[in-house]
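Using the hints provided, position chain B relative to the given structure of chain A.
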Amino acid sequence: MCHCDHQKSDYTRRDFLTKTSLGLGALSLSSLLGPSPVFGGTPSINPNSGILGQPHFPAKAKRVIYLFQSGAPSHLDLFDYKPLLNKMNGQEIPDSVRKGQRLTGMTAGQASFPLAGSIFDFKQYGDSGAIMSNLMPHTAKIADELCFIKSMYTEAINHDPAITFFQTGSQLPGRPSIGSWVSYGLGTDNENLPSFVVLVTKNKTGQPLYARLWGNGFLPSEHQGVQFRAGKNPVLYLSNPPGVDPIARQQQLQDLEKLQKQSYDEFEDPEIQARMAQYEMAFRMQTSVPEVMDTESEPDYIYDLYGEDSRTPGTFAANCLLARRLAEKGVKFIQLYHQGWDQHNNLPNRLPRQCKETDQASAALITDLKQRGMLEDTLVIWGGEFGRTSYSQGQLDETFGRDHHPNCFTIFMAGAGVKKGFSYGATDDFGYNVAENPVHVHDFQATLMHLLGVDHERLTYKFQGRRFRLTDVHGHVVNDILS
Amino acid sequence: MDLGLFFGRFHPLVVHLPIGFLLLAALFEGASRLKQFNQLKAAVSWTLLLGAISAIVSVIFGLLIAGDRGYDDDVLSLHKWFGISVVVLSAGLWLIEIGILKVSSKIIGGIFIVLILFLSLTGHLGGTLTHGEGYLVEHAPGFIKKIAGASGKKLAPLDKVPGNPDSVVVFTDMIMPILETKCMPCHSETQAKGGLVLTTYETLMEGGDGNATISPGKPLSSELFRRITLPVSHQKFMPLKEQPLAFTEVSLIAWWIEEGAKADSRLSQSEIPDHLSELLMRDHKIDVTPKPYYEQATAPELNQEKNQLIESMTAFNIRKLSAKNNFLDVSVSQDVKKLTGQEVEQLLQLKDHITWLDLKDKLDDPSSLESISELSHLTRLNLAGNPIADDHVAALSDLKYLESLNLVATSITDVGLESLSQIASLKRLYVWQTDVSRDAANELMKNKGIEVVVGYQLAIENN
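Residue numbers (this note's numbering), protein chains in the order written: chain A, 8 to 490; chain B, 851 to 1313.
With the rest of the complex left out, here is chain B:
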């Protein structure tokens, strides 16, 4: 039992008395200066006395509750001193009214105006303490908000995460901003409550006075995680002053600790559980679905020399993937019936850039696959309708980023499929109109997770 706090919590209730009394006193004083209301002058000193006494009680209760947790220090101290000023001013005015102090009636009016001003300010600051900043004008029309300087919605820490998940370092870009907003007000070099400093990764891992703040791999035995997930009413619940952490933020911290609480792991390299990626998308529009290779990696700039080269390669249609992406999408010009070996060789000069290559029906000589296998940044390769057999495709296993391979209407069989299964990055394989058996295809789908499309004809045969 804490008697101080017990009384202190009556503060928000009691404060309305001085507000009422002192406003009334000011009204009486003002009105009494008009002829028909001059009898009200007699009531001013009484009302002032009631106001001053209730103001004293309010200040005492206020001081008792100030020790309670979670108030903004700056606002609190302003509120306190304005409140005390109200007491001083109202008591002084009372002394003047009953004649102990003597001043001119003009000065009395001035003091009343200052008193009401201070009273309003104290009340507003009190409101800010309980309801938070911007509460008053939250639903105000836009122009009033502008005058009040309210910034509108507060940005959550995770809203500042850069859009491209590939560049996001989980700790620096996602965990740190949460700690910064929620924890650092009390746990920085300047304050270091409980001996805990959270400003750097090292000091975070070092921890505070008690148990290990973070124990990698085990969120539940990490003190930090325990504190932010206790019932809000629990004495040890954190954060004390700020809003509790949102579910998405808690989930993110749990996941980061589970994954070993590393300092430098990147979002793109991590396997993010479905529920967390859905939460990040829902709350902060952070898209963590894995990006294809050509969006993760960066191809070198296309310089003058390369551009001239592209211009000279008239057998091909060559396009940049996008304005900012220097990878190239290459297909064969409509007018070219079959590519010569020389023309295929040309592609090698662009091997750092080509990521999509469509050679459907255009290859004459299957040995040119040797050259194609040197295009190490290929992610999509269309070789449909070319005279390609099992022993040619072995070369393709060097392509370590290849995601999609089209071998429709080639002479490939189950044997060739075997060597293709070596390509770890392969996701989709099209082998319609080949001798690949449905069984081998299914095997590959089951073992390697590659989607092997054998097409509709075979589906009919099997029925």
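One chain only, chain A, in its complex shape:
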């Protein structure tokens, strides 16, 4: 055999399997740059419907909007009311509660761990009587739409592993994020937009966010989250360079396609197909993205609903409004990130500011989806990567703070498939440990996939000799919160 043909013979079983699963990509290639034909076909061979073809079971949620609160909001000051903490304010946390729990480097050297009650007022809201603090007046108004999980817990104690764990199912970087799995498994409802879009609040500081949080890991790269930015260029390098007109661009891409096809025929590297799919998508996005990002057409009362901030591009409020527009266009997984919840100190002043930036818009998004009838098949999730300690970090004074706390925290969901006006799980009187119905991060992920119609155990990808899935070998669907 001629040595120069080596790459052709080096066509392993694994390559074959990977490629046949990606054969769907080849189908869509035919439409590259052409007038977009609708892939009618039998539903089962619809190339837009992902590797699964159709969900494992009827989906309750067709799309997800995940409002990720990076830095870890204090459950003790927002949702998890603990009168005992106020009563024992300043006293040492009992050893029987802390049980030698691992601490971060920031408080490990601390000689005393004074309990810190919440300085905010808690009240019950709505017919469901959900307890919330006065920091979230708008969210409180829609309490009857929400499903709280008060017994979340994680294994990671620092931001990066914790957020990576939440988004990818592993504390170590390199796995695909939830949105990528969804895109890989279920495909897209709009071939002119990515299936997985990421919006990050502009000009926030705090724990860094990295593109790998919405990365595709080992999945084909067209499934990575695409970040839309505020301003003139929502997607970087999308618009034509100055002086290049659309016709020339189209011609260029057609020629490029031929070259790539040639290269694919020779090397049969699936990544070439992924690249072609992305070029194709980018071209279509040149018209679809400006259209969806242009919020000029939104009436004033919608801006009023989302709050004054929503007129400033790049704010959390503006991103919530965009999230709704993307959901209307059929984007399957819309992930927002809002940084700055990491109140190690000066919580009494900094936490209210954070809430002010997010409360109205989060509530508005749910209200807006509801009135449009979209909460019927859209799931909204609000939460961070862990909770915060019931004792003070450093001295307990008027600028006290709380450290990271993986043992328990609260998130809430609203919309498709989850009970409304419902609260699941509970923590102990100190808000330190889970007292009943613990929900692990993998359980949360399994439940999320279940709502999308996917059995988390059956959506896998073989990589480096073993099958991976979002929940690895863990995760149980939390049936009790399903409506």
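There's no promise every hint is true.
[What the hints assert, rightly or not] Okay, derived cross-link-like pairs now, PhoX-like style, lysine-lysine, Cα gap no bigger than 20 Å in a straight line:
| hint | chain 1 | residue 1 | chain 2 | residue 2 |
| --- | --- | --- | --- | --- |
| 1 | A | Lys469 | A | Lys67 |
| 2 | B | Lys1086 | A | Lys336 |
| 3 | A | Lys148 | A | Lys336 |
| 4 | A | Lys67 | B | Lys1277 |
| 5 | B | Lys996 | B | Lys885 |
| 6 | B | Lys952 | B | Lys891 |
| 7 | A | Lys67 | B | Lys1043 |
| 8 | B | Lys1141 | A | Lys67 |
| 9 | A | Lys427 | B | Lys952 |
| 10 | A | Lys426 | B | Lys1141 |
| 11 | B | Lys996 | B | Lys891 |
| 12 | B | Lys1296 | A | Lys427 |
| 13 | B | Lys1187 | A | Lys336 |
| 14 | B | Lys1141 | A | Lys427 |
| 15 | A | Lys426 | B | Lys1188 |
| 16 | B | Lys1156 | B | Lys1188 |
| 17 | A | Lys336 | B | Lys1210 |
| 18 | B | Lys1043 | B | Lys996 |
| 19 | B | Lys1135 | A | Lys426 |
[To be verified] Residues of chain A placed beyond 12 Å of chain B at every Cβ, according to the derived structure:
| hint | residue |
| --- | --- |
| 20 | Lys67 |
| 21 | Phe127 |
| 22 | Ala147 |
| 23 | Tyr286 |
| 24 | Tyr308 |
| 25 | Gly337 |
| 26 | Lys426 |
| 27 | Gly460 |
Because the hints were derived from the structure by calculation, they are not lab data. Idealized CB from N, CA, C, for every residue including glycine.
Positioned in the frame of chain A, the structure of chain B alone reads:
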């Protein structure tokens, strides 16, 4: 007062004496064969005598307690005969030791080994009788359990109920398994204690010798219910041999009798009280929350012809609800601005399959609602942003499975709402950006239990 039982209940106490004595006798016998312990030979016959006498007493007490309730017949008879063998063997050995019977010392050793073996077996069977099967190795490491052949946790009758509540017949799939495990050991054609046979629905309703076993609608006057709910110490308490029924099982039987004790009622058609559905979920992971229509019913197979049809309908995005569910989820393709009447007509060819239909902003001609109303399996219909007025929506009242209807930004008013209230299955109605008044919406919510969403704008106006 029952003297027999009084003494009988000392059986578990007394049995430890022969176990001790006979083991000791065997030890002495074995040791006496070594030179430095040969003086122990003298003690063997004495210990054997004590062992034999205590074994006789144990057997007598054992026979007295055997009449007590609740023992497994097979195990009991094995236990009894092994126990009696122990008496015979130990008495025989004693006769040999004192010289009445003459055998070689090798045979004596053999008999001792058989005696100890039988003793252990008798003891183990006795333990099984009092503590139940698998007690010994319950907390053993896995490999020991495997050797012992213990199956681990016993499945409760309700754990075998099929997962899908729609196919579950309450009597056959839920009540019968309980009766089978708990009652049939004594109430079947072969045993029929009290004249009661529980193997079929007919014989159950026929009842036994006494009061009506089941009186439909009235659990408290049903003898079966009375027996399983008496205090456990009561003479008439049932079941006699098996473990008492669990609270969930009792609650389920009570509910079934209350609902008329029917033979063929299905779980999905029945209104299950909250406490019972919570119990079933908690103990047996049986989810009885009502399923939407598209999960209850089955759409016909999508044959070649239908698949080709779907392929040709390029104006629509058409997907199966799931791999095993042939109902279809239909929306309009991004590139289609407005649907033509012809394209809407196409949908009728899939009318047995379409259950979700999203036509938001895509209808030009409101009269096409006539065609849409023929899609009789619709559960979700989105007509938002279409030129639809009150007189058009009347057609929709034919949709008898419709659960969710979106009429946001249409020209519907309170009048149209009136005709929509005829749809009995309707649960959610979206009428934001219409002329529907908040009062009419509230009325509909109150009277029909339909959630009518009028949206945020109106909320502001009202404040």
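Structure-based check of all given hints:
{"no.": "1", "hint": "A/Lys469 with A/Lys67", "verdict": "27 Å, violated"}
{"no.": "2", "hint": "B/Lys1086 with A/Lys336", "verdict": "68 Å, violated"}
{"no.": "3", "hint": "A/Lys148 with A/Lys336", "verdict": "28 Å, violated"}
{"no.": "4", "hint": "A/Lys67 with B/Lys1277", "verdict": "16 Å, holds"}
{"no.": "5", "hint": "B/Lys996 with B/Lys885", "verdict": "42 Å, violated"}
{"no.": "6", "hint": "B/Lys952 with B/Lys891", "verdict": "16 Å, holds"}
{"no.": "7", "hint": "A/Lys67 with B/Lys1043", "verdict": "52 Å, violated"}
{"no.": "8", "hint": "B/Lys1141 with A/Lys67", "verdict": "12 Å, holds"}
{"no.": "9", "hint": "A/Lys427 with B/Lys952", "verdict": "87 Å, violated"}
{"no.": "10", "hint": "A/Lys426 with B/Lys1141", "verdict": "14 Å, holds"}
{"no.": "11", "hint": "B/Lys996 with B/Lys891", "verdict": "41 Å, violated"}
{"no.": "12", "hint": "B/Lys1296 with A/Lys427", "verdict": "19 Å, holds"}
{"no.": "13", "hint": "B/Lys1187 with A/Lys336", "verdict": "14 Å, holds"}
{"no.": "14", "hint": "B/Lys1141 with A/Lys427", "verdict": "17 Å, holds"}
{"no.": "15", "hint": "A/Lys426 with B/Lys1188", "verdict": "36 Å, violated"}
{"no.": "16", "hint": "B/Lys1156 with B/Lys1188", "verdict": "24 Å, violated"}
{"no.": "17", "hint": "A/Lys336 with B/Lys1210", "verdict": "11 Å, holds"}
{"no.": "18", "hint": "B/Lys1043 with B/Lys996", "verdict": "37 Å, violated"}
{"no.": "19", "hint": "B/Lys1135 with A/Lys426", "verdict": "18 Å, holds"}
{"no.": "20", "hint": "Lys67", "verdict": "9 Å, violated"}
{"no.": "21", "hint": "Phe127", "verdict": "25 Å, holds"}
{"no.": "22", "hint": "Ala147", "verdict": "15 Å, holds"}
{"no.": "23", "hint": "Tyr286", "verdict": "19 Å, holds"}
{"no.": "24", "hint": "Tyr308", "verdict": "6 Å, violated"}
{"no.": "25", "hint": "Gly337", "verdict": "8 Å, violated"}
{"no.": "26", "hint": "Lys426", "verdict": "10 Å, violated"}
{"no.": "27", "hint": "Gly460", "verdict": "6 Å, violated"}
Hints 1, 2, 3, 5, 7, 9, 11, 15, 16, 18, 20, 24, 25, 26 and 27 from the list above are not met by this structure, while the remaining hints are.
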